[in-house]
Amino acid sequence: MSSIAFVAITILTLAAALAAATLQKLMHAALSFAVMFVGISAFFFLLGAEFVGLVQIFVYIGAVAVLIVFTILLTRDDVGKVQSFNWSGVIVAIAVFAGLVWAIANTKSLPLTPPLIEPVRVQRIGELLMTNYVWPLQCVGVLLTAALIGALILVMEEKT
Amino acid sequence: MSDSLDQIFIHAKQWLLSFISGRAPDWLIQIASSLINIATLLGVFLTLFALISVLERKILGRMQNRYGPNRVGPFGLFQPVADGIKMLIKEDIVPDRADKIVHFLAPVLIAATAILSLGVIPYGRNMTPFVIDGGILFFFAVGSTTELAVFMAGWGSNNKFSMLGAMRAIAQMISYELPLIITVLPVVMIVGSLNPDKIVGAQAAYSLGFMPHWFVFTPWGATAFILFFVSGLVESNRTPFDVPEGESEIVAGHMTEYSGFKYATFFMAEYIGMFAISGLGITLFLGGWRAPVHFLDFIPSYVWFFVKLSILLFVYIWLRGTLPRTRVDQIMNFAWKFMLPMAFTCVVAAAVWHYTGRGLRGWLWSLAVIAAVYFTLSILLDTRRKFAPRTYRFAE
Numbered sequence: 129m130s131s132i133a134f135v136a137i138t139i140l141t142l143a144a145a146l147a148a149a150t151l152q153k154l155m156h157a158a159l160s161f162a163v164m165f166v167g168i169s170a171f172f173f174l175l176g177a178e179f180v181g182l183v184q185i186f187v188y189i190g191a192v193a194v195l196i197v198f199t200i201l202l203t204r205d206d207v208g209k210v211q212s213f214n215w216s217g218v219i220v221a222i223a224v225f226a227g228l229v230w231a232i233a234n235t236k237s238l239p240l241t242p243p244l245i246e247p248v249r250v251q252r253i254g255e256l257l258m259t260n261y262v263w264p265l266q267c268v269g270v271l272l273t274a275a276l277i278g279a280l281i282l283v284m285e286e287k288t
Numbered sequence: 002m003s004d005s006l007d008q009i010f011i012h013a014k015q016w017l018l019s020f021i022s023g024r025a026p027d028w029l030i031q032i033a034s035s036l037i038n039i040a041t042l043l044g045v046f047l048t049l050f051a052l053i054s055v056l057e058r059k060i061l062g063r064m065q066n067r068y069g070p071n072r073v074g075p076f077g078l079f080q081p082v083a084d085g086i087k088m089l090i091k092e093d094i095v096p097d098r099a100d101k102i103v104h105f106l107a108p109v110l111i112a113a114t115a116i117l118s119l120g121v122i123p124y125g126r127n128m129t130p131f132v133i134d135g136g137i138l139f140f141f142a143v144g145s146t147t148e149l150a151v152f153m154a155g156w157g158s159n160n161k162f163s164m165l166g167a168m169r170a171i172a173q174m175i176s177y178e179l180p181l182i183i184t185v186l187p188v189v190m191i192v193g194s195l196n197p198d199k200i201v202g203a204q205a206a207y208s209l210g211f212m213p214h215w216f217v218f219t220p221w222g223a224t225a226f227i228l229f230f231v232s233g234l235v236e237s238n239r240t241p242f243d244v245p246e247g248e249s250e251i252v253a254g255h256m257t258e259y260s261g262f263k264y265a266t267f268f269m270a271e272y273i274g275m276f277a278i279s280g281l282g283i284t285l286f287l288g289g290w291r292a293p294v295h296f297l298d299f300i301p302s303y304v305w306f307f308v309k310l311s312i313l314l315f316v317y318i319w320l321r322g323t324l325p326r327t328r329v330d331q332i333m334n335f336a337w338k339f340m341l342p343m344a345f346t347c348v349v350a351a352a353v354w355h356y357t358g359r360g361l362r363g364w365l366w367s368l369a370v371i372a373a374v375y376f377t378l379s380i381l382l383d384t385r386r387k388f389a390p391r392t393y394r395f396a397e
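Going line by line, the protein sequences match chains A and B.
No gaps in the numbering here: position 66 of the first sequence is 194 in our numbering, and each next residue is one more.
No gaps in the numbering here: position 186 of the second sequence is 187 in our numbering, and each next residue is one more.
Think of the hints as simulated: they come from the structure by calculation, not from any bench.
Incorrect hints may appear among the rest.
Stated by the list, open to error - Each computed BS3-like pair below joins lysine-lysine, with the alpha-carbon atoms no more than 30 Å apart:
| id | chain 1 | residue 1 | chain 2 | residue 2 |
| --- | --- | --- | --- | --- |
| 1 | A | K153 | B | K101 |
| 2 | B | K199 | B | K91 |
| 3 | B | K338 | B | K387 |
| 4 | B | K101 | B | K91 |
| 5 | A | K153 | B | K387 |
| 6 | B | K87 | B | K59 |
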């Protein structure tokens with residue numbers, strides 16, 4: 129049952145990712161990117177990591193996809209223009225692929241039978257965030273606040 | 002007797018499932034069970050949508066001193082049927098320069114997200130369609146995809162009014178999602194769970210046999226509920242926050258280029274979203290399906306839920322009948338300068354309530370915290386604008 133689901137989700141995710149990379153219209157690419165995020169969150173659900181899956185939808189579709197779409201909207205000058213073949217993109221893609229292959233090849237393979245992991249409950253994540261990982265959490269909070277204030281200042285300078 | 006009446010729908014579902022249990026594999030039964038839930042949800046809420054669409058017009062008519070629809074059927078109750086037929090046989094117009102796929106997918110996505118968010122609300126004892134550990138989070142995760150659907154509608158139509166409407170909708174939805182989620186935090190904090198059933202369970206007790214322990218009866222709960230309700234109004238694009246579809250300025254916002262059944266889908270999604278956000282408000286603050294007084298417990302739980310839902314929906318319609326539309330900048334200022342600080346105050350006040358012993362002392366302390374912040378804010382935000390007769394520069 130879950131293997132059928134896995135195959136279906138994989139096909140959906142890969143198809144969406146491929147569409148995001150190849151579609152001519154930028155807006156269609158961005159929207160299929162959002163579909164790919166749904167696929168990834170479905171993987172998390174399949175693994176029993178509900179919280180991560182929900183946050184994936186929350187952050188990546190509710191915020192990141194909307195951000196991308198807005199960026200396209202505000203820079204719509206070159207929407208629809210057919211781009212010529214991009215060699216630097218190919219080089220970057222090959223470099224990333226090679227890096228990933230190298231990393232995978234150098235990783236010690238784990239035993240194939242997975243250890244029994246009980247699904248992490250949301251409450252447990254909250255407790256850990258507030259005890260063991262409270263410092264990283266606070267640092268991220270400060271960083272985000274600084275980013276927010278920085279964004280506000282950028283906007284305010286334009287106004288005067 | 003009352004117990005069996007309370008659980009009648011659960012038993013009905015068990016009875017339906019008993020036809021295939023034993024003969025079918027487990028996964029088939031699971032799928033059948035889910036399908037029954039989905040069909041029931043759709044049936045109930047689409048009927049409620051039809052009912053509310055005519056009741057809204059009747060109530061608005063009453064408030065504006067006129068008859069509402071009263072031609073079709075008794076008291077005009079068959080009006081939604083006539084409307085539905087009208088919408089179905091209308092021509093479906095797609096603009097020539099529109100992005101056809103995106104234009105088509107937007108109403109589908111917006112309806113799907115609205116209906117999905119109905120799935121985690123407990124409608125009665127044992128009557129949560131889909132029990133998810135992080136149900137509240139699921140609600141907001143699904144709700145956040147609505148923005149993308151609205152954007153698709155605006156972009157796909159290739160129309161300036163659509164785009165402007167979508168921009169307005171997204172701006173106000175993003176701004177109010179923050180207070181909406183932060184007002185939920187105190188409840189989650191006090192209950193210690195994101196599971197809607199546990200949140201309802203935490204409001205089960207009664208003091209002195211008649212005072213229910215609903216969160217709305219604590220100072221932080223009352224404040225959070227009001228903020229939640231206002232944010233919900235904005236999220237469902239209802240008056241007085243319906244600038245995205247402000248007819249006097251931008252035709253119909255992101256729905257301008259939609260006609261026929263696609264327009265009806267948008268309309269339906271708006272109402273379903275309204276039901277969902279009210280349902281969540283009931284679950285979080287108004288005790289879910291619990292009876293308001295102990296001796297009325299014999300009335301089935303789902304009746305209480307729908308009574309509360311009707312009251313909230315009436316308030317929605319009432320507000321629409323009484324309030325004018327706000328300006329875009331007023332909405333934004335209100336969100337960031339008032340709603341957000343007050344929402345954070347609710348979190349602090351809930352913590353104060355918890356640590357001063359959840360009793361009368363905690364009640365007074367949290368009230369003091371909220372009152373202090375409220376008055377500080379009202380002094381800080383006072384624009385010192387006098388209300389005087391308007392002076393016209395050119396008209397005179």
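Consistency of the hints with the structure:
1. Among the hinted pairs, A:K153 with B:K101 is consistent with the structure: their alpha-carbon atoms are about 12 Å apart, no more than 30 Å.
2. Annotation: proposed proximity of B:K199 to B:K91 is violated, straight-line Cα distance about 46 Å (limit 30 Å).
3. The suggested pairing of B:K338 with B:K387 holds, with an alpha-carbon distance near 20 Å, which does not exceed 30 Å.
4. Between the alpha carbons of B:K101 and B:K91 the distance comes to roughly 19 Å, so the proposed pair stays at or under 30 Å and holds.
5. Restraint check for A:K153 and B:K387: not satisfied, since their Cα atoms lie roughly 52 Å apart, outside the 30 Å limit.
6. Distance check on the hinted pair: B:K87 and B:K59 sit about 19 Å apart at the alpha-carbon level, within 30 Å; holds.
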